[in-house]
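Let the sequences and hints guide you as you build the complete structure.
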Amino acid sequence: MLREGFNQAVRHSFQSAHAGEFSLSVAQIVISGFDELGDSLGEAAQDEVIIATSVLLRRRFEHMGGIICRLADPIFAVVLPAVERTAATMEADACCTEFTQRLPSWIPDGGELGGEMKLSIGLAAREDST
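Here the working numbering = 1-based position in the sequence shown + 3.
It should be emphasised that the hints constitute simulated quantities derived from the structure, not laboratory data.
Take the hints with a grain of salt, since some may be wrong.
[Said to hold, decoys possible] Restraint ranges, calculated between C-beta atoms of paired labels, are given here:
1) C99 x A75: 28 to 34 Å
2) G45 x F25: 24 to 30 Å
3) R62 x E130: 21 to 27 Å
4) E39 x A127: 24 to 30 Å
5) R105 x E46: 37 to 43 Å
6) E119 x A75: 30 to 36 Å
7) Q11 x S43: 32 to 38 Å
Remember, it's a predicted structure, so these values are computed and weren't measured experimentally.
Every residue, glycine too, gets a C-beta built ideally from N, C-alpha and C.
In structure tokens form, the structure reads like this:
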């Protein structure tokens with residue numbers, strides 16, 4: 004899903020969360036070192052990381068009802084209706100760890116560049132008490 008889908012998912016989910024129907028968490032995911040990867044290994048390596056990251060995000064967040072959106076080349080967002088901050092944080096931490104572990108298999112020619120790449124996740128949540 005792209006930016007317009009993200010906007011719709013946030014709008015709909017926030018209205019329901021604001022009405023007290025459920026909690027809402029939104030994660031923004033950035034792949035640091037993405038531009039450097041393109042400079043060193045080209046667009047094919049960037050494409051591999053984008054595709055693999057998309058699969059990782061789907062595997063980590065869809066079972067929670069997450070809606071995964073790609074906002075820009077190295078930026079994704081996940082809208083998590085009815086997911087509280089604690090659960091979203093635990094899954095985000097696990098996602099970052101898995102990204103670091105799997106990255107060398109996605110770009111085997113990455114060498115030291117793989118050590119400079121990381122997944123950073125920022126999280127916002129609206130819960131009944133916030």
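With 24 to 30 Å as the target window, see if G45 and F25 comply at their CB atoms. Hint violated: Cβ distance 43 Å, outside 24 to 30 Å.
Lying within 24 to 30 Å: is that true of the beta-carbon distance E39 to A127? At 28 Å between Cβs, range holds.
Determine whether the Cβ-Cβ distance between Q11 and S43 falls within the hinted range of 32 to 38 Å. holds (37 Å)
Range first: 21 to 27 Å. Now tell me if the beta carbons of R62 and E130 are that far apart. holds (25 Å)
Verdict for R105, E46 (Cβ pair) under range 37 to 43 Å: Since R105 and E46 have Cβ atoms about 20 Å apart, the given range 37 to 43 Å is violated.
Range first: 28 to 34 Å. Now tell me if the beta carbons of C99 and A75 are that far apart. violated (19 Å)
Assessment of proposed distance window 30 to 36 Å (beta carbons of E119, A75): violated (19 Å)
In this structure, the hints that do not hold are numbers 1, 2, 5, 6, in rising order.
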